[in-house]
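Trainee: Each chain, written out:
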Amino acid sequence: MTLRVEITHRAGDFTLDVAFETGAGVTALFGRSGAGKTTIVNAVAGLITPDHARIRLHDTTFHDQNTRLPTHQRKIGYVFQDARLFPHLNVAQNLDYARRFGARPDARAEIIELLGLGDLLDRAPATLSGGQKQRVALGRALLSDPQLLLMDEPLAALDAPRKAEILPYFEALKRQTGVPILYVSHALDEIARIADHMVVIERGRIMAQGDLFHVLSNPALTPLFGVREAGAVLRAKVRERADDGLTRIETGAGDLHLPGVHAPEGSRIRLRVLAQDVMIARDRPAGISALNILPARIEARFVGDGPGVALRLAAGSEHLLARITARAWAALELAEGDEVFAVIKATSVAPGAISGAVTGRF
Amino acid sequence: MMLDAAGWAALQLSLLVGVTATLIGVPLATWVAWLLARGTFFGKAALNALVHLPLVLPPVVTGYLLLILFGRAGPVGRFLEDTLGLVFAFRWTGAALAALIMAFPLMVRAIRLAIEAVDPGLEAAARTLGASSMGVFRTVTLPLILPGILAGGVMGFAKAIGEFGATITFVANIPGQTQTLPSAIYALLQVPGGEAAAARLVIWACVLALAAVVLSEWLARRVARRIAGTP
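Sequence lines, in order, name chains A and B. FYI, my numbering numbers position 23 of the first sequence as 23, with every residue one higher than the one before it. In my numbering, each residue carries its 1-based index in the second sequence increased by 1000.
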């Protein structure tokens, strides 16, 4: 199931000019607000008509010079930032809305179970919390039996606890349905948890696209992600927990020992390591309190406008992103290709950055 | 509160005119309101002006224009008589037409407000779930604006049973034929000793108008609640 998208669209002094292709799994469209993410998703949905576009899902043409497939014939599911539940229908009627137009979902009971909606079926949308509404909206979209799922910042309107409540459902959904998902977000922590591919958009243009792990460890994107937010994601497996509360985490870059890991032993997780939490040493440091020291090689660097230098490090089969000062770069006489050690402070990997998302590719 | 035969005839005719104008007017007004609220087409401003014209023209002028267009000698009137056998001039049907034209802007305004209060995002969501334009209207827009349609209908009905100027100009004031409640009251006040009979009709007119206002207020509250989504 491949989605091919080429759009040029002008609105006022804003020009959108993008082309990308996505396959199975979750593709994150990342960009600041106003970057053009929603315009892209709405064009894929057929809710707006761009000036020029070629949009195809597998062998169905949504939009080209001669074709404008109407929205209702595109077989897409769309989860909006505001849940947009029909206020005159209860939860069950909202979930079954697409049935009125011929959708025949084969897994109604499983989806209701998966999203924990069983107790809400008789409720009116106005009586639901934000997180519950978003779960119903997700269920409603899934029950339209979509070939493609579009999500436009589905968590942006929720506060942190509601977000934490709903993210596991997204992860479960990704595991259990094979529907490709286009996921718009400006929150890197969400993307790091659930996406497989990533398209980075800035002012209507694509700055980078490809495998999530590769894009997140691209040092040139650090200014775009924000120096405090930039960070690579490691695929990891939870190993035994020691008596002192630290858990051994096995990654392709080597073992890490982290506190506050609640995922059960043996589970596959993703670990987001922020660039500002990674230090570089020329030689293996001795007499240092940091527990996690990984051998790595400097693969690429990016010198920004500020005093910082962002580095992509190859560590085993994984990549890390580190941010050091230009002065340190010069003092250590570092160069691309050098073998170094990445020092990660154990407590610097926040519990929220550890997710139970399964990629199945570890 | 007993009415004499002529009074009853006027009351019944007014109700017949009001019901006819409302039943024909509401679906038509819903369609026009939808066009004005959601449509983008050439001539939208002109359609809007045309619909609202009877609200701003002197009713006598509207009645006169109806007479010219829909009278037996008028182009539309002759065509309808030849093709459908439908005659408006000096018949109750003419009174109903005049009432419909005068009540139409009120119905359109009420229904249009209800349509504009519906979040277009809900309609977009319905389209992504497989609903065609007609499907969206039937399953989302219509249920949400139904209280607004009913409120518009009640207002239109109240206007229709009270219409005077255009009606008397178009179809005159023939007892038992075209004499509605207001024209009967007007006629009674023109003759000495008619005040008592006129007063009884006035009370009936007040009762009908009050009932319509109360009903319309109640329905308007339901619109607000329904669109806010509280049960």
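None of these hints come from the bench; they were simulated from the model. Glycine included, each C-beta is placed from N, C-alpha and C at the ideal position. Some hints here could point you the wrong way.
Derived Cβ-Cβ restraints for the label pairs, each shown as a range [what the hints assert, rightly or not]:
#: 1; chain 1: B; residue 1: Asn1048; chain 2: A; residue 2: Asn66; range: 32 to 42 angstroms
#: 2; chain 1: A; residue 1: Asp64; chain 2: B; residue 2: Val1060; range: 50 to 60 angstroms
#: 3; chain 1: A; residue 1: Ala172; chain 2: B; residue 2: Gly1121; range: 20 to 30 angstroms
#: 4; chain 1: B; residue 1: Thr1040; chain 2: A; residue 2: Leu121; range: 36 to 46 angstroms
#: 5; chain 1: B; residue 1: Leu1057; chain 2: A; residue 2: Asp64; range: 46 to 56 angstroms
Stretch by stretch, here's where chain B covers chain A in the computed footprint (C-beta under 8 angstroms, at least three residues) [what the hints assert, rightly or not]:
#: 6; segment: 65-72
#: 7; segment: 75-83
#: 8; segment: 90-100
Trainee: Against this structure, judge whether each hint is valid.
Mentor: Here is how each hint holds up against the structure:
| no. | hint | in the structure |
| --- | --- | --- |
| 1 | B:Asn1048 - A:Asn66: 32 to 42 angstroms | 35 angstroms, holds |
| 2 | A:Asp64 - B:Val1060: 50 to 60 angstroms | 59 angstroms, holds |
| 3 | A:Ala172 - B:Gly1121: 20 to 30 angstroms | 27 angstroms, holds |
| 4 | B:Thr1040 - A:Leu121: 36 to 46 angstroms | 39 angstroms, holds |
| 5 | B:Leu1057 - A:Asp64: 46 to 56 angstroms | 51 angstroms, holds |
| 6 | 65-72 | holds (count 3) |
| 7 | 75-83 | holds (count 6) |
| 8 | 90-100 | holds (count 3) |
Violated hints are absent here; each numbered hint is respected by the structure.
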